[in-house]
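Chains A and B, in that order, give the protein sequences. The opening position of the first sequence corresponds to residue -4 in my numbering, with each subsequent residue numbered one higher. The opening position of the second sequence corresponds to residue 1313 in my numbering, with each subsequent residue numbered one higher.
In short, the hints are calculated from the structure, not lab data. Hints are not guaranteed to be accurate.
Listed next, the in silico EDC-like pairs over lysine to aspartate or glutamate satisfying Cα-Cα at most 16 Å (straight line) [claimed, not checked]:
1) K1446/B <-> E94/A
2) K1318/B <-> D1492/B
3) K76/A <-> E14/A
4) K84/A <-> D1499/B
5) K1318/B <-> D1435/B
6) K1318/B <-> E1428/B
7) K84/A <-> E67/A
8) K1433/B <-> E1545/B
9) K1446/B <-> D120/A
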Amino acid sequence: MPEEQYHRLQQRDTSEVKELWDLLDEVKDPEIPALSIWDLGILRDIERQGEHIIVTITPTYSGCPAMDTITEDVKAALNAKGYESIEVKMQLSPAWSSEWMSLEGRRKLRNYGVAPPEDAADSEDGLTPDAHTLCPHCGSRDTRLISEFGSTACKALFQCQACKETFDYFKKI
Amino acid sequence: MSDTIKDATLEYAVRLGDDANVLGHRISEWVSRGPFLEEDIAYANVALDYIGRARMFYGYAAELANDGRTEDDFAYMRDDRQYQNLLLMELPREDFAYSQVRQLFIDIYYGLMLPELVKSKDDTLAAIAAKAIKETRYHLRRSRDWVLRLGDGTEESHRRTQRAVDSLWGYTHEMFEMDDTEQRLADSGIGVDITKLRDEWHRQVSAILAEATLNLPEDGWAVRGGRIGYHTENLGHLLTEMQFVHRSYPGCQW
Ligand SMILES: [Zn+2]
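One chain only, chain B, in its complex shape:
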């Protein structure tokens, strides 16, 4: 592996790890706050899948960096400006409809992205993707069911779900943008050319929203910046909670 490609792959692994870590932490906030016990447990399971993915991506990043850093250094010792997750992942929990709509957007995204990453010439990225695909099929079935149920439910659930779709829409565009690093990796058959998946994502999302009697928003506005470390206020608060113990008690074990 050339140094340029190796550096790019390291950065890519960190980005994918950041996406999984931040989302996993965010949805773990539903534990003890779910609408009923089974949903509470379901969210804990989905959160664990994402935190597990984050560990695998960070572990690989540490292996590529080969400078003594471990997966924990990537998760706990970087500040918000160094995190490169998509903004969609860090947005607050809000209400149940909001979290499920976000989950649907993300599950459909991974449902398309992971089968491409499986074809990567990088064996480790391909192996992580192969593992995650199976889990995402279960995640998607759940978020889809909930969006249908809430969208085509009561007047209040419909109103809240539509509000969630409208307020999240502007954050979905960033999922399909690539910078030079990602373009280079896509050209070398290591990364996914994410721009090519946008139309299919749009088609699947539109179909589910229509079935759920929800309106597809106009593409009026877009927020971006996560991949270059420009985050919303929410990420700092999330990291404060996530990193507190590790930073206050360095090297602590139990």
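The following block holds chain A by itself, in its conformation from the complex:
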């Protein structure tokens, strides 16, 4: 398991408010509803100060339009369970990394039809390779990059030569 993910799991397991981490598993990313904000690594911390709950989140990309929706969804999920005083903080540093995505999240992503970062072939510059990303539909590596930027900034668009389907690839960042 990558070090970053290990630390995230440790943080969750040793948290004094474990039940809140579990509760927030129901908050999904509006762009990829198969994944929770925990799976994606957007959820950074949860603290309780008396009756006051502080949730810290971080954006995937600077212009991620989903952050406002996620903030609202976090508050709604906690409100529904009777928590009244909630603060959602946005933290920029350290900058979000695709390394933070949980193993479970990577599986869910593949099932959803999006290739996770590790399904790409290695490229010289560490950015998206031109070809050979594993097709999440049929498992072929006979694929090619169609566009560097997919339906959102965190994805690139590929086409599979074997099953002819196009698919999103979740970029390394």
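Given chain A, work out where chain B with the ligand should sit, using these hints.
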């Protein structure tokens, strides 16, 4: 933080926010006008990255100002003379080659500037830069690919790309100039000494233009003034469109 440094940092955050906001808005104009769908989407993504940066810089400016203003006040309630973006950012969209050449010049600029800003003693500026660096690597790969493809492409694409290089060149000098405010911040380890990055920028741009069979223009002319609020005609038109809804319906929410 001393008051002088705080004021200078506020101004610096606004300038960096203005650069990102104006460029982000300008390139968002490509949405629905790209040469094909994937490019349309790519431009929308790059525009969003810049608008996101603008929000972070303006948000920080609002925090430093601490006078009730929000990020929206910086974006929507200032006129062209108060905007301090580089002129390069506000130049019109023109054709695809023109937009990509501008993007290349800017991507290389940020590719050098952001790694310096990450070292800033100001934690917020450093954090914004750290986030933006990763995005700029993707932007640069795209603009570089396009300039190579268009420059070393057909006779027409080559002609248009060379025209873009020639007409944008005079606006690139302003990127590497600093006034007293920026000098003070650079001396205090908060801002970037941008003058030191010029040679490396020139080297990288020259290499790509050469590979794209394009000529490097002579340094014959230079336009400046953006940082002190003297803009080209284009900015007023851009702001009119950007600010219209916010000013016509104050406080409107949906
Ligand atoms: Zn396939």
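Hints, one by one, checked against the model:
1. K1446/B <-> E94/A: Holds, at about 13 Å.
2. K1318/B <-> D1492/B: At roughly 14 Å apart (the allowed maximum being 16 Å), D1492/B and K1318/B satisfy the hint.
3. K76/A <-> E14/A: holds (11 Å)
4. K84/A <-> D1499/B: Violated - the C-alpha atoms of D1499/B and K84/A are around 32 Å apart, more than 16 Å.
5. K1318/B <-> D1435/B: holds (13 Å)
6. K1318/B <-> E1428/B: violated (20 Å)
7. K84/A <-> E67/A: Holds. K84/A to E67/A sits at ~12 Å (cutoff 16 Å).
8. K1433/B <-> E1545/B: Cα-Cα ~37 Å, so violated.
9. K1446/B <-> D120/A: The given pair, whose Cα atoms are some 12 Å apart, holds under the 16 Å limit.
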